[in-house]
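Asks: Here are the chains, one letter per residue:
There are 2 protein chains.
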Amino acid sequence: MSPKITVELLRQLRHAMRNGKCIAEPIQAYIVPSGDAHQSEYIAPCDCRREFICGFNGSAGTAIVTEQHAALWTDGRYFLQASQQMDNNWTLMKMGLKETLSQEDWLISVLPENSRVGVDPWIIAADQWKNMSKALSGAGHSLVAVQDNLIDAVWEDRPARPSTKLIALGLKYTGLTWQDKITALRGKMAERKISWFVVTALDEIAWLFNLRGSDIEYNPVFFAYAIIGINSIKLFVDSKRLLDTAVRQHLELDSPSKPDLTVQCFPYESVFTELRAVCAALAPKDKMWICDKASCALTEVIPKAHRAAIPYTPLCLAKAVKNPTEIQGMKMAHIKDAVALCELFAWLEKEIPKGTVTEISAADKAEELRSQQKDFVGLSFPTISSVGPNGAIIHYRPLPETNRTLSINEVYLIDSGAQYRDGTTDVTRTVHFGTPSDYEKECFTYVLKGHIAVSAAVFPNGTKGHLLDSFARAALWDSGLDYLHGTGHGVGCFLNVHEGPCGISYKTFADEPLEAGMIVSDEPGYYEDGSFGIRLENVVLVVPAKTKYNYRNRGILSKYLFA
Amino acid sequence: MSPKITVELLRQLRHAMRNGKCIAEPIQAYIVPSGDAHQSEYIAPCDCRREFICGFNGSAGTAIVTEQHAALWTDGRYFLQASQQMDNNWTLMKMGLKETLSQEDWLISVLPENSRVGVDPWIIAADQWKNMSKALSGAGHSLVAVQDNLIDAVWEDRPARPSTKLIALGLKYTGLTWQDKITALRGKMAERKISWFVVTALDEIAWLFNLRGSDIEYNPVFFAYAIIGINSIKLFVDSKRLLDTAVRQHLELDSPSKPDLTVQCFPYESVFTELRAVCAALAPKDKMWICDKASCALTEVIPKAHRAAIPYTPLCLAKAVKNPTEIQGMKMAHIKDAVALCELFAWLEKEIPKGTVTEISAADKAEELRSQQKDFVGLSFPTISSVGPNGAIIHYRPLPETNRTLSINEVYLIDSGAQYRDGTTDVTRTVHFGTPSDYEKECFTYVLKGHIAVSAAVFPNGTKGHLLDSFARAALWDSGLDYLHGTGHGVGCFLNVHEGPCGISYKTFADEPLEAGMIVSDEPGYYEDGSFGIRLENVVLVVPAKTKYNYRNRGILSKYLFA
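Protein sequences, first through last, are from chains A and B.
If you're matching positions, the first sequence starts at 1 in the working numbering and goes up one per residue.
If you're matching positions, the second sequence starts at 1 in the working numbering and goes up one per residue.
By construction, these hints were calculated from the structure, which means they are not laboratory data.
Treat the hints with care, since some could be wrong.
Each pair may be met inside one copy or between any two copies, as identical chains are not told apart.
Said to hold, decoys possible - Result set (DSSO-like, lysine-lysine): computed pairs, CA atoms no more than 30 Å apart in a straight line:
#1 K258 with K130
#2 K188 with K285
#3 K548 with K94
#4 K21 with K94
#5 K507 with K130
#6 K98 with K548
#7 K94 with K134
#8 K98 with K546
#9 K130 with K365
Work the whole structure out from these sequences, hints included.
Replies: And the structure:
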C-alpha cells in the first residue's frame, strides 16, 4: 500500500481557502468530515471527499487542513492503515489515546488569532457543528459554513451521484407494510405532540417505505429525504426512479388508498426549499423532530422554537427491534451464509497447500459461494480477508499490492457478510491451516472466552450494551492484553450492516438499552501489530431468558446465537 | 417510622409562592434541591430544606411543589425509606425506572401554560439550572431565580450556620504542604492558560489548605470558598475561626513566606461581591475555572467570555489520587477499624443470644469501640445497623421507632466507618448469628462472587470505573437478581466518605479513568424487600498490576485490599 501523494492537492485546496471565487472571506482552516449529507457511514464515490484529499479510505475519520498543517483523526481500527495510506504532508491523530488532542484543541493550538474555520454545512452533523463552534468561539475563532464544497472545487473528475433502480419489498420480507409503519410512527409523534418529522438517514427511509436501492456499495439504500406530517408524506427522491411500475404500485402513487397515506414526491434536491415552505406554514405550537446527527444545513432551516432535536429517531429504534418476519429472515440468511462459509473452508483446506490461494482469491471465492445462495443481492461490506501481519490491520481490505498468499504457517482471518433479500449477515472466523504458535493459541483462547462470555451473558431488561463490553475483555485483561475497538454493533435486516442505536462498546455513547428482538454482533479480537490478528464474530439475537428468579419483574434477557 | 405531616407547611409554602413579599411575581412551581450552596452531599441542619418540607431525610432527592402537586425524586437506595417518611401529600418519583418522568417532563405535564418555576440560585448547580431552564423554556415555561429562599421563609426555627473550630493538619498526615498544593494547582492552571479558579466544594478547600472542620456531621469540612489566582489566594471563611493561633501559623497569616503564597482572608458571605470585583478587573483574555456543579448564583457572576466551566476540577482529581503518606494513613485507619470491628463481632456473638442487643445498641457499641482507636475523630457517616427486613432499606439508619432486636434468626447488616486523623474508613459486613436460610445463603454467595470479581479485576490503564460494574452483577444477573445502586465510590483521606471523580457504577457519569493511587469502595449487594439485605463492602486501593503481557505499554492496574 503506497501513500497518496497530496502535495499538489493541498496546494490547490489552500488556494481555494484563500480565494474569493469559493468564499467571501479567506478561511484559515477547512474541515473535511467523513460522511455525506445523510451522515452515512458508507458513502458513494462522489462523497469520498476525505479519502480524495488525504488518501485514507477507512470508514471513519476527519481531515483538517490549515495553511501550515494537515491532520487526520481516526480511531484504533485504522491507525496502521491510515499511516500507510497518507503521505508525510499528513499528521495522524490517534483518537482514544490520552496524549492525542481533540480536533478543537488541535485547531486552537495551531491557528493564528481570530481564525475562521470553514466546513460544508451539508456534511457536518448539527451536534458536531454545535460542539465545534462553541469550542472555537470560546478561543476567539469562528466556525463558518462554506456553501460551495472546497474539495469538489479541486476534484476534477468527481463521479456523479448514483440513482439506481429501486426494489419494492413485500410483506413476506418486511412483516409490516409501509402504511403500517407510517401509522405507528405517527402514533409516536402524537404521543410526544410532534407534528412533523424530517427523516434524513438513508436506512431509515429505506426501512420506512419498504424500498431498497443500491446507491451506496454494500448498503441497499438510495439517496432520499422524507418529511412525515400527521396527515402528509413527502418523499424526496430522483424523479426518474419513480417511473418504475412496481415502485409506483408499491407506493400507491397513482391511486392512494387514503388521503393521509398519499405519498407526495419531490426531487431529491428540493428538500431544502420544501422544508423551508413547511416551516413557514407552522402553527406557533408545532414541533418538528430532526435527529441531531442530521446535517447542520437542514437543521438550521427549522426555526429553533419549532425544532425538537433528538439523539436518535423513533424509526432508528423501531428498525432495531426486529419483528418476527425480520427475525425469521435474518435466521434464514445466516443459515445460507453458514453453508457458503462451510464450502469456503472445505475449499481452502484443499487448495491452500498448493500455494495458489491469496487473500483476494479467497475473498472472491467466498463471494462466489455466497452468490449461489437464494436471494443473494451482494456483499454487506468489503470482505476482510487477511493473512499473518495483515490480520492486525483491523479493517483491512486486500489490495493487489498488499495481497498475501494463504499458507499453513500463518493465521487467516476472514470477516465477511452478505445482503440477501431476507437479511444481512456479518461473521468473522480466524483459522490456522497448519499448527499455530503457542502464543497464537493463547490469544485465540482469550478472545474465544470473551466471545462466549458476551454470548452467554444474562442481564436485566433495561441494561445498556456498554455494560456487557467488559465481559468480552476480562480474559484478555487478565493477561495484560486488550483490543482497540468496540465489541458489537446493531445489524440491519437487508439493510446496513452497522446500525444504531444499540451496541456493545467501552465507549458510552447515548445508546438505548438492549431489547428483545434487537440483533447485535459479538466480536472481540486481539491484534499483534506486524504479526497476526484474531477476531471471532457471530451475530446474536436478544431474547427473553428464563432465570431462577425475576427481580422486581423487570424481565431478564439473554442472547440467541443464529444457526 | 411515621411520615411527616406536611399539610400546613405546604399551605404556607404555596402562600409564599404567590406572595409579593418574597417574590416580585407569583411562581407556579418551586424546586427544592437536596444540597447546600456548595452542592455538598451531606449537609448541615440549616441546609436540610428538602427534608424540612417533605420529611424524607435521605442523602439524595429533589422536591418540587406546585399549586396542586408535591413530588419527590430519589433513587433506588431510598424508595422504601422515602415512601415511609412522606405523607400522602407527596408523590414519590422513583428515579431509574423507565416509567418515571424526569423532573422536567413532570413539570411540563402538570403546569398550566407559561408557568414560572422558581428555585434558589445558590442551591442549584449551574449545569442543572442550564438543563432545567432549557427544557422548561422549550415548553413555554421559564425557570426563575428566587433570591430569598422560600423554605427559609416558612421555616421558623431554622438552625444557624455552624462555625466550628478548624484543625490544621501537618505533613505527617497530608504528605504535602498547602503551599506545595497551591503551586501544583497553579501549574495546572498555567498549562491551560487559566488565571483564576473559584473553588466551591468544601472538601476541595479543606484538602487544598490542609485544614479540617466539623461544620457538617460526618464530613470534616468547614464552610468556605476560595479564589485562587496565579499570584493571589483569597479564602472566604467566618473571620472568628482565624483567631486560633495554630490556624494563623499554619496559614502563615501573620508572616507570609512569599507574596504569592499570602492568604488573604475575607468573610464567608463576601464571596459574591469579591468575585464580582475580581471579574471586573479581568483582562480580555483571562479565563476563570469554575466547576459546572458550582451554584448557579456564583457561576453567573463570571462573564461568559471569561468562564471556563469544567465537569470536575483539578483539585478533585489531585485529591482522588492519594500520595504515599495518605495511602499509608488510609491503611493504618483501616487496620484500626478492623480491630474495632473484630471486637464488635466478638461482643455480638456473646450478647445476641441474650436478646438484649438492638440495631441502635450495636451501632453505639461499634462507635464506642472505634472511639478507643488512636486519632479517632468521629463517624464517617451514620451507621447502617439493620436486622432482617430493615436490611432491605439500602440507606437505613436505625431510629427508636424502627429499632429491631438482633437475633439468631435474622440477617444482620452493618455498614459503618469512621474519621481518623490519618484516614477515612467505610466497611460493610453482613452476618447471621444462627443458620441462614438456603435462599439467604444463595444470595450471599452471588454478592460475594460479585465483590470478589471487582476486587480481583485486572484492567488496562485508562479504564473507567463503570466498565467494572457488570463484574459485580454477573452472578446475580445469571439468577435473575440485581441491586439498584452503584458498586463503588471514591473515599477521601480524613475527608468525605463519598468523593469524586471516580466510581464504579452502571451509570455513566463523566468519570475519570481509574488511576493507581485512587481509593474506591467495592460494595455489591442484594435486597429482598420486607425480608433481608446483604451488602459486602471493602475499600480498595488501585495499584499497578504485573501481568504476563503489557499491550501497547499502556500499563495494567488491579486493586489492593486494605488490611
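Asks: What are the numbers of the hints that this structure violates, sorted from low to high?
Replies: Numbers 1, 4, 9 - these are the hints that the structure violates, sorted from lowest upward.
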